[in-house]
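Student: Here's the letter readout for the chains.
Number of protein chains: 2
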Amino acid sequence: MSRAYNFSAGPATLPETVLQQAQAELLDWHGVGASIVELSHRGPEFLQVAQEAEADLRTLMSIPQDYAVLFLQGGATTQQALIALNFAAPGQTVDYAVTGHWGKTALKQVKPYVDAKVAANGEAGGFRDIPAYGQWQLSKDAAYVHYTANETIHGVEFRDIPDTGDVPLVGDFSSSIVSEPLDVSKFGILYAGAQKNLGPVGVSVVIVRRDLLERAGQPRAEILDYRAHVKGESMLNTPPTWNWYLAGLVFKWMIAQGGVSEFAQRNARKSALLYRTIDESGGFYRNEVAAGARSRMNVPFFLKDEALDKPFLKEAEAAGLISLKGHRALGGMRASIYNAMPEEGVQALADFMRDFQNRNG
Amino acid sequence: MSRAYNFSAGPATLPETVLQQAQAELLDWHGVGASIVELSHRGPEFLQVAQEAEADLRTLMSIPQDYAVLFLQGGATTQQALIALNFAAPGQTVDYAVTGHWGKTALKQVKPYVDAKVAANGEAGGFRDIPAYGQWQLSKDAAYVHYTANETIHGVEFRDIPDTGDVPLVGDFSSSIVSEPLDVSKFGILYAGAQKNLGPVGVSVVIVRRDLLERAGQPRAEILDYRAHVKGESMLNTPPTWNWYLAGLVFKWMIAQGGVSEFAQRNARKSALLYRTIDESGGFYRNEVAAGARSRMNVPFFLKDEALDKPFLKEAEAAGLISLKGHRALGGMRASIYNAMPEEGVQALADFMRDFQNRNG
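As given, the protein sequences belong to chains A and B, one line each in that order. 859 is the number that this note's numbering gives to position 236 of the first sequence; each next residue is one higher, with no gaps. 801 is the number that this note's numbering gives to position 178 of the second sequence; each next residue is one higher, with no gaps.
It is possible that some hints are incorrect.
Which copy is meant is left open, because identical chains are indistinguishable; a pair holds if it fits in one copy or across any two.
Think about it this way: if two alpha-carbon atoms lie no more than 25 Å apart in a straight line, the pair counts; the simulated PhoX-like pairs of lysine-lysine are [to be verified]:
1. Lys763 with Lys734
2. Lys727 with Lys854
3. Lys854 with Lys731
4. Lys763 with Lys937
Everything labelled a hint here was simulated from the structure, so no lab data went into it. A quick note: this is a predicted structure, and the numbers were derived from the prediction, not measured.
Could you put the whole structure together from the sequences, leaning on the hints where they help?
Tutor: Pasting the structure below:
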């Protein structure tokens with residue numbers, strides 16, 4: 624088929640013009656006689672790509688100079704382990720707010736290293752809301768407080784930044800980074816796998832306040848040490864050059880489209896349209912997340928009659944709307960509508976949903 | 624320019640037909656309406672790609688069934704740290720043969736975790752030869768013995784497999800995997816970053832004898848645990864799908880070309896031609912590695928007169944021969960001639976070298 628509207632939660636849809644540029648220069652990057660994926664990471668060509676990507680991300684996110692920006696392998700999950708290894712002493716207390724599957728994963732990664740306390744936990748309520756800040760049990764001596772800004776599976780998103788006082792705040796922004804303006808200075812560390820809003824899977828971004836790099840952390844190999852990665856400018860070992868390059872193309876596309884504030888408006892319209900379609904369906908579709916915690920990025924929803932799940936997916940695919948099946952942990956459907964999902968795609972989905980309801984309601 | 628002959632040490636040249644296929648299907652993989660880089664790693668499309676890649680690598684390398692095969696992020700350097708964490712007890716003795724830069728790097732990664740002994744060290748001789756096995760000081764109680772099969776920078780390659788008796792042998796094959804037939808059953812663990820012989824940077828292959836996975840190792844996060852990666856079939860977290868896919872295309876290309884034994888013959892011819900060109904230059908070019916330890920993959924060489932280095936590189940580039948500059952640690956030149964470098968490329972380099980000598984000798 625021609626290009627479908629792809630609602631995959633990640634790896635996720637990329638801007639078509641970015642893929643077209645990557646396609647055009649895949650065998651010969653800027654006339655050098657080789658692909659960017661075949662060139663040394665230490666050569667002038669890739670260094671330029673790498674530096675522009677960092678500069679463009681700094682522009683997009685208004686990242687202050689006292690923050691280092693890393694482009695690393697290993698995905699967000701690896702960063703979750705490294706954060707404890709780098710920023711907490713062995714056995715030190717750390718606080719975790721658990722508001723969905725990925726918060727649980729983050730917690731699991733650090734248990735071998737630190738005394739991890741659950742400061743807030745939405746599991747009893749099926750992860751359909753974010754525990755009120757007044758109920759969070761924060762430790763005074765915690766090395767940091769960790770939370771998951773947007774839960775990709777449960778579709779739960781923080782709409783503001785938790786206030787943790789002097790304790791550094793660590794945010795997993797894997798599925799919501801660059802989707803709206805963010806005050807980076809409120810964070811100690813902010814990290815994200817790229818495969819939702821930043822580009823292709825295989826590269827992660829870690830933004831860390833430089834003073835935190837002075838913490839001793841725990842015994843660890845150099846390759847697991849953020850200080851060494853900062854010193855090596857994310858080239859302590861060979862970086863995932865093509866993935867980094869493709870993320871850089873996404874950053875340039877975002878800037879050309881108007882930057883993060885423009886995408887924030889588009890994302891607000893896209894998610895509002897989808898939630899409205901669900902809420903106005905008279906129960907034919909339902910989303911169970913509390914109104915104030917609904918994700919702008921990932922919209923899980925259920926059909927009134929489970930027997931309609933298969934026909935819904937089959938007909939959607941025939942209509943050029945793919946990857947709508949919900950995560951196996953929840954079932955139902957999920958529409959992931961990151962920056963690269965155009966408004967026309969969400970409109971097409973909403974139209975299809977209304978039509979499907981009319982035929983099956 | 625059109626495609627040059629690219630002698631980069633890694634990221635390195637890829638087969639042109641592989642890049643052409645990746646280019647053709649970059650916006651729409653097999654008619655599904657999306658790029659392979661945009662599809663879920665858990666969907667049927669990518670699962671097929673992943674399974675075929677593993678099966679093809681098993682075919683190419685004749686990997687026995689009692690070995691697990693992992694496709695992971697982090698590069699070879701990350702595996703170097705994980706090998707100690709997964710297969711040695713805290714503080715346990717491990718033996719390292721250091722025959723070049725990458726052997727030193729491997730040793731550095733494990734020092735925080737184990738009692739790392741240097742069983743053999745070629746540094747006093749400038750890493751121009753491999754210490755004779757009779758001189759290796761192996762510890763009887765070592766958790767494993769680690770060596771670097773081919774040193775990418777120093778151009779030193781083991782021509783046989785060290786015999787370590789009952790102590791598992793760990794081999795870093797980053798720059799020589801699938802370049803000639805190898806008896807995998809002689810190894811406990813064999814690993815390689817992909818960016819030389821296997822495909823693009825951003826994915827690494829780890830081949831591990833399954834019984835070793837029962838070792839307790841050291842306290843570690845799940846994401847740093849090979850057992851968890853084996854159980855999760857290399858999808859404990861989102862894998863670098865495009866990189867894995869491109870490696871899979873390289874495997875299919877290798878099989879179509881005749882497999883590892885065919886490449887072993889080509890590589891023998893290619894390296895013989897290059898060393899002959901150097902040795903017959905009457906000292907205009909020189910390679911300093913002992914004859915029995917010369918790498919078939921990476922050929923470092925020096926010009927008699929350093930002042931000719933710049934003209935050599937400039938004229939080579941004009942002749943469509945790129946990335947010949949030596950590693951900064953050694954200076955001079957380096958021609959990396961992995962599987963994907965065609966014989967015509969090495970012939971063109973040899974011709975150029977003779978011509979350059981005639982004009983400047």
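Student: Taking the numbered hints from earlier one at a time, note which ones the structure violates and give those numbers from smallest to largest.
Tutor: Hint 4 is the one this structure does not satisfy, whereas the remaining hints hold.
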